[in-house]
Amino acid sequence: MEKFDRHTLDLVARAVVSGHRGYGKQLDRVADATASLLKNRLEAAAAPGAARARNSHKAEEALPDRETLVSLLNRIEKHLAMLVLAQGADDRSQPR
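Mapping to numbering that gives the first Met the number 0: the sequence shown position 69 is 68, numbers consecutive.
The hints are simulated quantities; they were obtained by calculation from the structure and are not laboratory data. Incorrect hints may appear among the rest.
[To be verified] Dumping the calculated EDC-like pairs for lysine to aspartate or glutamate here, alpha-carbon to alpha-carbon at most 20 Å:
1) 38 <-> 76
2) 77 <-> 42
3) 2 <-> 42
4) 38 <-> 59
5) 24 <-> 76
6) 77 <-> 66
7) 38 <-> 9
8) 38 <-> 60
9) 77 <-> 4
What you are looking at is a predicted structure, and each value in this text was computed from that prediction instead of being measured.
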């Protein structure tokens, strides 16, 4: 599998967290495979991408190499943190 540049990593990370697809077969497969690894974490953060996460043995074949996967996981953590902070800000802005 080819190495991804930082823009592609960020695109896949956003796809994992948001659940959006349509970036091409290869990137969509990588996003689905990565989401399946992080299903519990996505569900805990109430990320929309949790609905796309399925446990599949085929998903393992689509995973990138270790170095790329670590970079991708770091990007996903950033997007999950932003999602959780945004949800917290929405909760604080609601009248009591």
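Outcome of the hint check:
no.	hint	in the structure
1	38 <-> 76	holds (13 Å)
2	77 <-> 42	holds (16 Å)
3	2 <-> 42	violated (28 Å)
4	38 <-> 59	holds (14 Å)
5	24 <-> 76	violated (23 Å)
6	77 <-> 66	holds (17 Å)
7	38 <-> 9	holds (18 Å)
8	38 <-> 60	holds (17 Å)
9	77 <-> 4	holds (17 Å)
Comparing the model with each earlier hint shows violations of hints 3 and 5; every other hint is respected.
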